[in-house]
Amino acid sequence: MNVVIMGCGRVGAHLAAMLDQDGMKVTVLDKDAYSFRRLPSDFGGTALVGDGTDADMLKKAGIEQADIFIALTQGDNRNVMAAQIAGKIFNVPRVVCRIYDPLRKDVYESLGIEAISPTTVFAELLRERLSEKTKG
Amino acid sequence: MYIIIVGGGNVGYYLSKYLLSEGHEVLVLEKDAVNCARFEDDLGSICVRGDGCEVSTLAEAGTSRADVFIAITNEDDDNLVACQIAKFKFNVPRTIARVNDPKNEDIFQKLGVDSTISVSGLIFQTIEENLPAHPLVHLLTHAASGVEIIEIKLHDRSKAVTKSVKQLKLPAGFALMLVIREGQNPQVIGEETAFKSDDRIIAIAPTGKENELRDLLIGNHESD
Amino acid sequence: MTQQKSKQNKDSGFGKFEKILVPITGLPVDDEALRLACELARKPKSKVHVFHVIEVDRRLPIDAVIENEIEKAERILTHAENVAMEADYEIETDLVQSREAGPSIVDEAVEGEYDLIVMGMIYKKRFGMFHMGEAIPYVLESAPCRVILCRTTALK
Chain B
446 MNVVIMGCGR
456 VGAHLAAMLD
466 QDGMKVTVLD
476 KDAYSFRRLP
486 SDFGGTALVG
496 DGTDADMLKK
506 AGIEQADIFI
516 ALTQGDNRNV
526 MAAQIAGKIF
536 NVPRVVCRIY
546 DPLRKDVYES
556 LGIEAISPTT
566 VFAELLRERL
576 SEKTKG
Chain V
1208 MYIIIVGGGN
1218 VGYYLSKYLL
1228 SEGHEVLVLE
1238 KDAVNCARFE
1248 DDLGSICVRG
1258 DGCEVSTLAE
1268 AGTSRADVFI
1278 AITNEDDDNL
1288 VACQIAKFKF
1298 NVPRTIARVN
1308 DPKNEDIFQK
1318 LGVDSTISVS
1328 GLIFQTIEEN
1338 LPAHPLVHLL
1348 THAASGVEII
1358 EIKLHDRSKA
1368 VTKSVKQLKL
1378 PAGFALMLVI
1388 REGQNPQVIG
1398 EETAFKSDDR
1408 IIAIAPTGKE
1418 NELRDLLIGN
1428 HESD
Chain P
122 MTQQKSKQNK
132 DSGFGKFEKI
142 LVPITGLPVD
152 DEALRLACEL
162 ARKPKSKVHV
172 FHVIEVDRRL
182 PIDAVIENEI
192 EKAERILTHA
202 ENVAMEADYE
212 IETDLVQSRE
222 AGPSIVDEAV
232 EGEYDLIVMG
242 MIYKKRFGMF
252 HMGEAIPYVL
262 ESAPCRVILC
272 RTTALK
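Residue numbers (my numbering), protein chains in the order written: chain B, 446 to 581; chain V, 1208 to 1431; chain P, 122 to 277.
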């Protein structure tokens, strides 16, 4: 499995390390080389400095051979744009993207983009936790 | 028409000024308070401070009754998302995005934006038109029909010189419309029109096939 | 304020108002502002003009006919006429539709060459902080003439 991850923040780096451990071929893309410090020293994948909303850069990252593309930068719009370039221009079979804004997530989900909103996921998780505590 | 503009920088300012003078209803969405104040002071209540990519802001702006939606910020990703939300969530019939990276022009159109304006493309074109020795100049792209209107200048060794349109046997999709000669009025090109050195020909070519026409009229451009 | 007092005020440069604009929103405090304006106005020359702005949501065209808003506005203006009559003053009223009240009030003040704006405001807190709304700060900043604000004590 070839995976391209855009954004090497905490989540991006952690996910890259996990998938690398699972034996996938991982390429991580970030605009800032300093972000790669978050990758573990035994990371076996590729780290590439570049902008994932740039189609040429995605090609360099091997998007044409990728089975999975995941957009995890801090910018909702950058994620959405890169995810669409990956899915609709390069026909990557599985594309997942992070969208913090729940309303924006709904719009893109209705357009057929697999999106996760950490905002709603985390709020729901907290609510569940709290209700467990109250019950216990 | 009701026109919403996302991005209240210089381009947004002069664009809205122009559209207002044409009698349109204009609303500008701009994140920066200082930029907003400039609109308020000069053009009245036509600017709302907010993020043009946010669904709630767009709803309050009355995006669902907008006829045209134009995103002209400096960020391509913001322009794409604003136009897509306007188009797919609020059903705006015409969306226009500024494209800062010319590569994105094609991508935006594939992703549903109705038209794109490439700033660097416009600069290239203007420079191209002003280069005197350049044999092929783009005058206009008609995106809907996939056609370019171009100007081609013949020199003394050009293939078309002394030939008529009939003899040139142009493939389908190409057409020669006007010939412009020094000191004369432009003439409509007919079947029998024969070309001379220094003629400037206004022609139509399918988008992407401009060089084919140039090869037919001037010759292989490597030999230039 | 009595006639005499306003004469005194005139001497201090305050009180020679010939055209007074009273923007109203339909709150009880508007009555106080209007009564004050009538007192400051000098009969028979001075004019008091009551002004109400219907702020039209951008979801609607600016010239949309919003019947309940128009009815409400007419009620507010009729009420103002009655208040003025009680103060023995005849006023003019005007109703406009715009996106924001503040700029409309200032535009009217500029075009009509008013020399005073009298506005009522209520004591309000938002997010725990004193809040004047949008229109009043705008008028204070941009009005071409004197502005008098008439603030009530805390209203429920």
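Treat the hints as calculated values from the structure; they're not laboratory data.
We treat Cβ as the ideally placed atom computed from N, Cα and C, and that holds for glycine.
Any given hint could turn out to be false.
As the list claims (entries may be wrong) - Listing some non-contacts, in silico: residues in chain V with all C-beta distances to chain P over 12 Å:
no. : residue
1   : Tyr1220
2   : Asp1239
3   : Gly1251
4   : Val1255
5   : Ala1266
6   : Glu1267
7   : Ser1271
8   : Val1275
9   : Thr1333
10  : Leu1346
11  : Ala1351
12  : Arg1407
Stated by the list, open to error - Straight-line C-alpha distance at most 30 Å; calculated DSS-like pairs for lysine-lysine:
no. : chain 1 : residue 1 : chain 2 : residue 2
13  : P       : Lys245    : V       : Lys1238
14  : V       : Lys1403   : V       : Lys1370
15  : V       : Lys1310   : B       : Lys470
16  : V       : Lys1310   : B       : Lys476
17  : B       : Lys504    : V       : Lys1360
18  : B       : Lys504    : V       : Lys1310
19  : V       : Lys1224   : B       : Lys533
20  : P       : Lys246    : V       : Lys1238
21  : V       : Lys1296   : B       : Lys533
22  : V       : Lys1224   : B       : Lys504
23  : V       : Lys1224   : B       : Lys505
24  : V       : Lys1403   : V       : Lys1310
Would you pick out the hints that fail for this structure and give their numbers low to high? 3, 4, 5, 6, 7, 17, 19, 22, 23, 24
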